[in-house]
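Novice: Numbering (UniProt numbering), first residue to last: 1 to 458.
In case anyone wonders, no lab produced these hints; they're calculated from the structure.
It is possible that some hints are incorrect.
Unchecked claim - With a cut-off of at most 25 angstroms between alpha-carbon atoms, the simulated BS3-like pairs for lysine-lysine come out as follows:
id	residue 1	residue 2
1	K45	K24
2	K45	K220
3	K63	K24
Here the structure is a predicted model, which is why all the values come from computation and not from measurement.
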Amino acid sequence: MFGLVDANNFYVSCERVFQPRYEKRAVVVLSNNDGNVVSRSAEVKALGIPMGAPYFEVKELLKAHNAAVFSSNYALYGSMSARVMYCLAQRVPALEIYSIDEAFLDLHGLEQHLTPYLGRLDELAQTLRADVKRRTGIPTCVGVAPTKTLAKLANRLAKKLPELDGVLYLDTTERQAWALRQVAVGDVWGIGRQYAAKLTAAGIDSASDLARVSEAWARKHLGGVVGARLVQELQGQPCTGLHPSEDGTLDRQSISCSRTFGRPLTEYSNVLAAVATFLSRAAEKLRAQEDLAHVLTVYISKNRFDPHVLPPYSRSATLTLPSGPTNDTTVLLSYASSLLRRLWETGTSYHKAGVVLDGLEAPGNGQQLTLFSPSPTPAQRENKGEKEIATTSRPALMASLDALNQRFGRGTVRLATTLSAPTNSGSAGSPSRPAWEGKAQWRSPAFTTRLEDLLLVN
DNA sequence: TCTGGGGTCCTAGGACCC
DNA sequence: TCTGGGGTCCTAGGACCC
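Make a model of the complete structure from these sequences and hints.
Specialist: See below:
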């Protein structure tokens with residue numbers, strides 16, 4: 001059996017832990033740039049405000065109901081997530097951290113061997129919920145079922161139906177069949193908007209209907225092997241196992257960093273400063289998980305909501321690093337700036353930029369070396385005669401950078417390229433405020449990660 | 001006026017390998 | 001006249017997840 005633990009409106013719950021006066025009030029948390037509603041308290045859901053609603057569209061409604069509005073505070077949510085995962089890891093043989101607020105639990109064997117001591121799996125699930133709530137303040141629900149897809153479905157019902165008291169255990173085929181009938185096809189894990197529309201057009205409305213389509217049909221209409229697996233999993237046949245997260249942290253196969261800008265940017269130097277900042281952050285994460293990357297992608301996007309802008313809204317460029325895998329920000333940046341140059345169209349207004357690091361590998365024995373001396377980076381070629389940029393990594397420099405920023409705060413020491421060029425018109429902000437930076441008007445304190453923000457109790 | 005960010009997995013054509 | 005089969009890697013893009 002698999003368990004799925006999922007926090008209830010996680011970001012809102014994190015805010016409430018440290019500011020209990022919001023316990024009974026309507027609360028929302030907004031995305032970066034205060035753009036969209038990404039977490040809603042039950043009171044807000046009852047108002048009919050959907051997940052992902054643009055804030056400007058629901059602002060008045062929220063105000064009318066005296067809702068509290070927060071900008072997102074990832075320092076807080078990340079740290080609360082780690083606490084929740086730590087609690088869970090202490091009580092189950094293995095878990096897979098699936099997202100910031102969800103984890104799959106490996107419960108195989110427990111039902112045969114341990115239940116005489118621990119009670120049924122649904123009792124164990126209740127114990128987990130109570131433990132997490134007591135130690136972190138975060139409310140959760142738990143689904144238990146023979147496949148991950150059914151565990152997700154069970155979790156959804158556990159959240160929806162108060163009479164289940166936060167736990168649903170789909171131990172028999174009768175209970176599974178019942179659960180499948182309760183869930184709309186669009187709410188099944190792996191069925192997004194496009195597939196949902198296609199399925200309802202074909203007369204497939206519930207998870208139960210979907211569980212009865214043929215494998216061939218699923219393959220043809222639901223993205224090949226992915227669709228075939230999905231249907232089998234609904235039938236109770238596990239197609240995917242648990243990928244345990246070692247020591248409670250997540251090792252990623254790709255690392256990215258991107259932002260929508262606070263305002264549209266047309267100056268190359270401003271966008272370069274943004275890309276350099278995002279790349280620095282991504283490289284920092286890469287070093288934190290002790291990996292090297294050998295594939296780099298840069299992308300820039302136009303405003304897809306502007307009716308005057310035609311698709312494609314986004315262009316990307318990917319490069320397999322000729323000088324081999326690295327985690328050195330300066331090496332990565334010299335390639336990133338040449339990719340950005342390739343994508344750049346003068347006179348275009350850009351809305352967002354991002355970088356992705358792929359092809360991650362651990363340093364050491366397995367590493368691919370170059371046969372000859374590393375080929376020069378684009379920056380070296382362009383700047384021939386100027387100061388050299390190394391193609392070989394300088395681990396000691398990066399380690400010092402990370403140590404300083406860890407101790408004195410993110411961005412204390414950074415590459416000069418991350419600084420936006422001074423603008424003639426731009427007396428608006430202080431020089432330390434980059435052109436691309438967005439809004440975050442209502443951010444709560446970093447209660448768990450900044451000494452100055454520590455809650456004081458009299 | 002105002003519309004997020006960080007991921008996973010899959011597809012598909014072309015270059016290239018033996 | 002006639003021109004293979006089984007792979008990997010690279011790059012770009014799409015669907016989906018939370």
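Novice: Go through the numbered hints given earlier and state which of them the structure violates, listing their numbers in rising order.
Specialist: 2
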